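Visitor: Given next are the chains, with one letter for each unit.
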Amino acid sequence: MKFSAEKLNKVKEIIARYPEGKQKSALIPVLHLAQEENGGWLSTEAMDHVAELLSILPIEVYEVATFYTMFNLKPVGKFVFEVCRTGPCMLNGSDNIIEYIKEKLSIREGETTPDGMFTLKPAECLGACGYAPMMQLGKHYREHLTKEKVDAIIDECRRNAANNN
Amino acid sequence: MKLLLEHAHVEGIRYYDTYRKHGGYRSVEKAFKMTPDEIVEEVKKSGLRGRGGAGFPTGMKWSFLAKPEGVPRHLVCNADESEPGTFKDRYLMEFLPHLLIEGLIVSSFALGSHATYIYIRGEYAWIVDILEQAIAEAKNNGWLGKNILNSGFDCEIYVQRGGGAYICGEETALIESLEGKRGNPRIKPPFPAIQGVWMRPTVVNNVETLAAIVPIINNGGEEYAKIGVGRSTGTKLLSVCGNVKKPGIYEIDMTQSVEEFIFSDEYCGGIANGKRLKACIPGGSSVPILPANLLLKTAKGETRYMNYESLSDGGFATGSMMGSGGFIVMDEEQCVVRHTMTLARFYNHESCGQCSPCREGTGWMYKILKNIEYGKGKLSDIDLLWDIQRKIEGNTICPLGDAAAWPVAAAIRHFRDEFEWHVNNPDEAQNRNFGLAHYADPIHIPAGA
Ligand SMILES: Cc1cc2nc3c(=O)[nH]c(=O)nc-3n(C[C@H](O)[C@H](O)[C@H](O)COP(=O)(O)O)c2cc1C
Ligand code: SF4
Ligand code: FES
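So the protein sequences, as listed, match chains A and B.
In short: position in the first sequence from 1, add 262, done, that's the numbering used here.
In short: position in the second sequence from 1, add 626, done, that's the numbering used here.
Chain A extracted, bound-state conformation (with noise of 0.2 angstroms):
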C-alpha cells in the first residue's frame, strides 16, 4: 500500500500540528487514513509505510494499532457492521438486533460474509445510547435500529456495491 498524494498532502498537514520532532503524535490519525486506503484493515505493510512516513519504528506503529479497536489487523468485508450490546442498548433490544443480523446473514460476531461483503463486529458504547439500538457502518451511526432496518440497510449496501462495480 502506497497513499496517493492527495492523501500524502494530508498526512504533511496533520504532522504540521504538532511542535518540531513531535511527528508520532500524528499517529492515529495517520492510521485510520492507511485504514481507509487499504480496503479497512492494516497489513503489516501498511504500518511499516506508516512507520517510514513518521519516521518512527514499526514495532511503534504495531504497539499502537494492536491497542486501539477501531484498527483492524485481519481484512474485513466491505461493509462492517458494529452493532453496540453495551448496558444500555441491550435494554432496548440490542440482543435481537444482533441475533437478527446473525442469522439473516449467516454468520456468527467477528466473521465476514463469504463473499466478503459484509462483517458483524460486536461493539462496545458508541455514544448513541439514547438512539438504541444502533451501529456504526462506516462513517456513519444507523439508530433506532429494528428488523426492518436491518433489511434496507443490507439491501442498501448490496445496491452500492453493485453500482460501485
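Keep in mind that the hints were calculated from the coordinates and are not lab data.
In this text the structure is predicted, and so the values were computed from the model without any measurement.
Incorrect hints may appear among the rest.
[What the hints assert, rightly or not] Below, a list of computed lysine-lysine pairs in the DSBU-like style, where the Cα atoms sit at most 30 angstroms apart:
id: 1; chain 1: A; residue 1: Lys383; chain 2: A; residue 2: Lys264
id: 2; chain 1: B; residue 1: Lys901; chain 2: A; residue 2: Lys409
id: 3; chain 1: A; residue 1: Lys383; chain 2: B; residue 2: Lys872
[Said to hold, decoys possible] These stretches of chain B come out as covered by chain A in the derived footprint (C-beta under 8 angstroms, 3 or more residues):
id: 4; region: 708-714
id: 5; region: 968-976
Where is the CB? At the ideal position from N, CA and C, for every residue including glycine.
Start from chain A and add chain B with the ligands according to the hints.
Guide: Showing chain B with the ligands alone in chain A's frame:
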C-alpha cells in the same frame, strides 16, 4: 433554564453566520478586554465543576497550571466520551460546534495555549468534519490564527481523532494517545498541570466544561453561580437512555427532583410502554445503580434531587453520583444481572492491562457474571464477586479499576436476591432476559405515571 442549549434548535446554528447573529463569539470580545488571570478568577467565582465525571472545580484546576518561562502550555479538550450512557458532548459538538470553539478560544487565552487540541473518540468520525468546518469558519472570520482581534494573542485549534479506547478518556491516557502511543495511564505525580503532553504544562477539560466558559464570561461568574443549588452551580447536561418515553439530551439547573426529571413531560416523560421504574444508574455506567425507592428518596426519606450533593447523599451505601450525567433508566422487566454483565465485559475490554488487579479482576468479574447470568453460577460466586471488586478498588494506577468495581458492588448490594434467583433458577435464568419483577418500584408511583 438554558445556557448551553439556548439556541440549539435554531435552524443553521451549526454555521458561523447564524451562530454569530445569535450572540456568538461575544465572550471572546469580552475576554480580550480582561487579563488571563481575571478570566481564571471569573471561572473560580462561577463555581463551575468539571463535567467530565469527577466534578473537580475548573477555576482551581486552571490556577494549578505551571507557567515556567519559555515552555509552551497546552489546553486539551476531552471529547473522548465513551462512558456507557453518556452522549451529551456529542450533541454539543454536532449541533453547537461554534459554542465549543468559542469556549476553547477564551480558555486558551486564559491559559496561554497557542496550540489547543480537541481529542475526540475515533468513532465520532462525522463530527470531526463538523468541528473542522467550524474551526475553518472561525479562522476565516478572524477568531483564530495570528493576533486575534488585534489582541496580540495567537491560537490554533486542531482536532485529533482517537482509535477506539475508553481508557483514553482518562486524562493521562489521553495525553499518551495524543503523543501517538498506547493509551496507558501515567502514574501521578507529575500531574498534567506540571508535565502533560510532550512534558509541557497541560490542562485537560471536558467538552461541556469548556462550553460553559462562554456563559460564564458573558454573564459573569457570580451570575452563573446563582443558578443551581449550593455547590452544584450552573446548568448540567444530562443524556438519558434506557426505558424512558423520551430519551435524549436535557439541560437542567439541578433544582429538579429525580422524580420530576423522570416522570414529568418536560423531561423524560415517564417510563416507556406503560411499565414501572425499577432502577437507575444516574451518572454513567461507572456510578452505583440505585433501586427505584432509593433513587427517588434518600435513605432518610428525603426527596432526592438532580445535583451533585443530593445524588451522592448516603455515600455508596444508599446513594450514587452525578458522574458524567449519563442517566440510564431500567424498567421492571430489565435484568440487573445481565446489565451488570455487559458492563463488566465493557470494563474488561477497556482495561489497558497495566495493573494486575484491573486486568485480571475485570476478566474474572465478567466470567463469573456470565456464569450467573447463563444459569451456571453458584451461590458462593456472589461472595467471590464481592471479594474481587473490593480487591480492585483503590489498588490500581488509574480510576478505571474503581469504575469497574463500583457497578458490580452496587448491583450486589441492592439486588443480591436477583443474583441468588439466577443461581437458584438456572433454567429460567438462561431463557429469560429479565430478573425479578418484584423489584419494580414498590413504594412510590407518582400520579399520572
Ligand atoms: C476511565 C476513565 C475514563 C474517562 N473518560 C472521560 C471522557 O470520556 N470524557 C471526559 O471529559 N472525562 C473523562 N474522564 C475524566 C478525565 O480523566 C478528566 O478528569 C476530565 O477530562 C477532566 O475534565 P473536567 O475537569 O472538565 O471534567 C475519564 C476518567 C477515567 C478514569
Ligand atoms: S486501572 Fe486498569 S485501565 Fe487503569 S491503568 Fe490500571 S490496568 Fe490500565
Ligand atoms: S450503550 Fe450502545 S451506544 Fe451506548
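Visitor: Hey, A/Lys383 versus B/Lys872, does the alpha-carbon distance stay inside 30 angstroms?
Guide: This hinted pair holds, its Cα atoms lying about 29 angstroms apart.
Visitor: Measure nothing beyond the straight line between the CA atoms of A/Lys383 and A/Lys264; if it is 30 angstroms or shorter, mark the hint as holding.
Guide: holds (27 angstroms)
Visitor: Taking 8 angstroms as the C-beta cutoff, is the stated coverage of the region 968-976 of chain B by chain A satisfied by three or more residues?
Guide: Answer holds; 6 residues pass the 8 angstroms Cβ test.
Visitor: Are there at least three residues in the region 708-714 of chain B whose beta carbon sits under 8 angstroms from a beta carbon of chain A?
Guide: holds (count 6)
Visitor: Can the restraint linking B/Lys901 and A/Lys409 be considered satisfied, given a maximum Cα separation of 30 angstroms?
Guide: Holds. B/Lys901 to A/Lys409 sits at ~23 angstroms (cutoff 30 angstroms).
Of the numbered hints listed earlier, not one is contradicted by the structure.
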